[in-house]
Amino acid sequence: MKIVLKHWIWIIAAFVIVSGLSLVGCKKKSADPFPASNAVAGWEKTGETRVFAAKDLWQYIDGDTEQYISAGVVSTSTSDYKYQGQLEAVVDIYTMGNAAGATKVFETGRSKDAQNVQIGDAGMAYAQSVTFRKGPSLVRIVAYESTPGAQQALLALAHGVEAKL
Amino acid sequence: MQNRRDFLKEVATGALILSAQSKLGMAAKTDQHEDSGKSKVVVARDSGLHGADGQLDEKHVLALLDKAIASYTGRDNVVEAWKHLVPVGKVIGLKTNGLGGRGISTHAVLIMAIAERLQQAGVKPGEILVWDRNARDLEATGMKINTDPKSIRCYGSDVSGYEEQPVSYGSVKVNLSKILTRECAMVINLPILKDHMMAGVTFAMKNMYGVIKQPQECHSNNCNPAVADLNCIPVIREKVRFTIGDAMTSVYNGGPGYRPEFFWKPNALIVGEDRVALDHTAWQMLDRKRVEAGMGTYEAAGRAPKYIATAADASHNLGFDDPKRIHLMEV
Chain A
4 MKIVLKHWIW
14 IIAAFVIVSG
24 LSLVGCKKKS
34 ADPFPASNAV
44 AGWEKTGETR
54 VFAAKDLWQY
64 IDGDTEQYIS
74 AGVVSTSTSD
84 YKYQGQLEAV
94 VDIYTMGNAA
104 GATKVFETGR
114 SKDAQNVQIG
124 DAGMAYAQSV
134 TFRKGPSLVR
144 IVAYESTPGA
154 QQALLALAHG
164 VEAKL
Chain B
235 MQNRRDFLKE
245 VATGALILSA
255 QSKLGMAAKT
265 DQHEDSGKSK
275 VVVARDSGLH
285 GADGQLDEKH
295 VLALLDKAIA
305 SYTGRDNVVE
315 AWKHLVPVGK
325 VIGLKTNGLG
335 GRGISTHAVL
345 IMAIAERLQQ
355 AGVKPGEILV
365 WDRNARDLEA
375 TGMKINTDPK
385 SIRCYGSDVS
395 GYEEQPVSYG
405 SVKVNLSKIL
415 TRECAMVINL
425 PILKDHMMAG
435 VTFAMKNMYG
445 VIKQPQECHS
455 NNCNPAVADL
465 NCIPVIREKV
475 RFTIGDAMTS
485 VYNGGPGYRP
495 EFFWKPNALI
505 VGEDRVALDH
515 TAWQMLDRKR
525 VEAGMGTYEA
535 AGRAPKYIAT
545 AADASHNLGF
555 DDPKRIHLME
565 V
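Those protein sequence lines, which keep their order, are chains A and B.
For what it's worth, this note's numbering labels the leading residue of the first sequence as 4, then goes sequentially.
For what it's worth, this note's numbering labels the leading residue of the second sequence as 235, then goes sequentially.
So that you can see chain B by itself, here it is in the shape it has in the complex (with noise of 0.2 Å):
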């Protein structure tokens, strides 16, 4: 029998989690890397996602979520493609981004629609775990907290709490929500696309600072290299293999928070596996919006994202950041 002691020895290695992560289906179907050499980033629009109240229309965000799974996977019968995105039997987590507020969070509509999916793939209610920080950034969502077993849950690192044992790669040093090491097999990664004060852009790699119990510890330097640090931690770099980036709405500037006036519709899902190449693909996005709107690139104004670059290095290597080796599928 696995004592405490024996678990986080192992979540520290990440032993555990790359025997756990052999049962996936997904890391046998679909590597980050295709036989190409690329890695695949599909980015799938509707624009007519928002109804006539402004609001997100259920049907056009299931219906676009479908567009976009079955583009990355290239299976037309969308259940059969969720099959070979996840394990059954186990715990998947939805990784949310409540930072910004209700304004500018991942929108419970896609949520729900990734649920009913996972449902109708096999994951039983229960075994679908939405989660973030704590209940504040679940609620500024739309969820509901809920912690019955039987149900789809939907509770933060304030309930669960984080490991004692802190984990360190390179200039990081944090504890990890046990959400993250206890309860999930595999984590959908389910950020918002935003602008950043102090990182540039935000978006795949740098939700990761929602699982940590010091996230305001790793912004010096324009959280560089503290963003491409945190995802190579193992547990990390091998649960959260999937993102499903929410770029439905988004800010341009002054973010991370909600600021109206910056406030824009991309109308569109970022999917992918490579969290270096889905970071590029959104630095990519925002900065031509920037431009558009007649304010500076990221770096003309001195905020380029950094670590992006970072993690495509030889000592993090957690994907590519060359447009050469990024397959772009628009959709």
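Excised from the complex, chain A in its bound form (with noise of 0.2 Å):
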């Protein structure tokens, strides 16, 4: 009888180590929300995933980062993309402590210009980015040049990005 009740801890023993180890796994997926290359049409992932602590964003963005630091910034991932081998784009990912830090950075970077697109918990659109805000992550896509489809395109790598977040 101890022989079978052993047999059994060993059993349950492994099983929560193998669950443990998938939802580690998970985590990880959802830690990387970019993106992997054509897994939005035309758009291929050029670049490395750097990630930026509060503390070293100054290393990415130097001069900009207090409105993130003021709005609880915790990390800032980013890659670059290409879209159908031309048109090049930055995607960044401000992972902020809460909604309301996304909130306030998304809203001061509102100009009149901008125009509403439904992506994420609030977004908006101009000619050359996107930027959307979905719980504490606030991701702005912005590409290097004006094509005639690139407001499209770019909307399309941030459904992308959003569906991953």
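Careful: at least some of the hints might be erroneous.
Said to hold, decoys possible - Straight-line distance between alpha carbons at most 27 Å, and here's what the computed DSSO-like set of lysine-lysine pairs gives: (1) K85(A) with K137(A); (2) K48(A) with K378(B); (3) K107(A) with K167(A); (4) K447(B) with K85(A); (5) K407(B) with K58(A); (6) K378(B) with K272(B); (7) K378(B) with K407(B); (8) K58(A) with K412(B).
Said to hold, decoys possible - So, partial list: chain B residues that the calculated Cβ filter (under 10 Å) puts toward chain A: (9) G334; (10) R336; (11) A369; (12) R370; (13) H430; (14) M431; (15) M432; (16) H453; (17) Y492; (18) E495; (19) F496; (20) G530.
What the hints assert, rightly or not - Okay, the calculated bits of chain A under chain B, using three or more residues with CB under 8 Å as the criterion: (21) 118-128; (22) 137-151; (23) 154-166.
Think of the hints as simulated: they come from the structure by calculation, not from any bench.
Glycine included, each C-beta is placed from N, C-alpha and C at the ideal position.
Relying on the hints, combine the two individually framed chains into one complex.
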């Protein structure tokens, strides 16, 4: 009887470990919201994801850090993309301490030319950029050129990011 | 033989720099204050700077550079003008600004146009050093990293390192890039005209944040008096004596990063020696654009670049911010 019980304890322990590992795996997946190449049609991820803790954010956007820090940024991730081998863009994801922080920065960055778009909790688009917030995340996608289809391509990429947040 | 301790002592006091500077043709030829008691600033424009594809046209950029230098020096022969601007046989640094990323950094086409004229004036390729904080910033300009001493070099302070001994002036205590302290005899400042969320405006003086190890510690109180204090450090004040400001493209709000919704093409170069007068001129240009775009001036937005007046005050004496003492030439 003792042997059978010991056997079951080992099975349960193994199950707990495997479940735990799979949960860690899930967390890792959700911690990397950058779509892989061609996960969004036409978009290739052309750069490594770089991550900056709040204290190191100046290394990425020195001089522009204060608005994010005052809104409670926890970390910032960024990666480069290219659409159909031509249109280059950068995706920045600011993870704030809470949704209020994301809202604060989102509203500060709005100008009169902004076009509201349905993405995440709120989104806005310009000819060459899309910004949206979802929970504590603030996402800004910026293209380096203005091309006729740029905004639609950026919106598609934005939806790809939003689905992974 | 000079040892490292002596070297650092001289750098800190500026003795080494003043000694080197006396050999610079520029110092003797075009002091920042003309005989009139005014500082000359040239704003050279070309509305055809961007081609039909929206990209900068190399020939137009070179021609605009020539127009700016000829106007500033009063010499029609631009190669002769350059000979009077820079020393031969010394390393000339070109301090770019790539902080804002690919969309809003000093343009490689301008950097290479300057390098071309420097070589025609007798500067060897290996004596030209294009530099900034790091490889990322330099690559944002469109340049490639190159440490080969036989060709135009391009690398950042991440390669050279920073002086271990900090230097202080007023509110700032910083470690300077060894590119500035040890490698360059003279630095031509190549900032790009931008809005700056904290400083208000970033141009000539603010670009010196890219020569120190800890720029993040110099942003309090809208970078005032840190920008002025930093520019008073002897090695910066004496080596960085000439600015060719890239105002071919700009962002007038939301900077210093690239914000395409506030992107603008002034199609200009802003040239001069008086860093305060240059920054005052840059501020006025950005203010005019902001008003034209329907947003308030920097003063109205509560983001006036107060460090410019600080730099002009008696304790800093870096140049003039009074329009009556600025000889603005628009060509």
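*Violated hints - listed by number, lowest first*: 4, 6, 7, 11, 20, 21, 23
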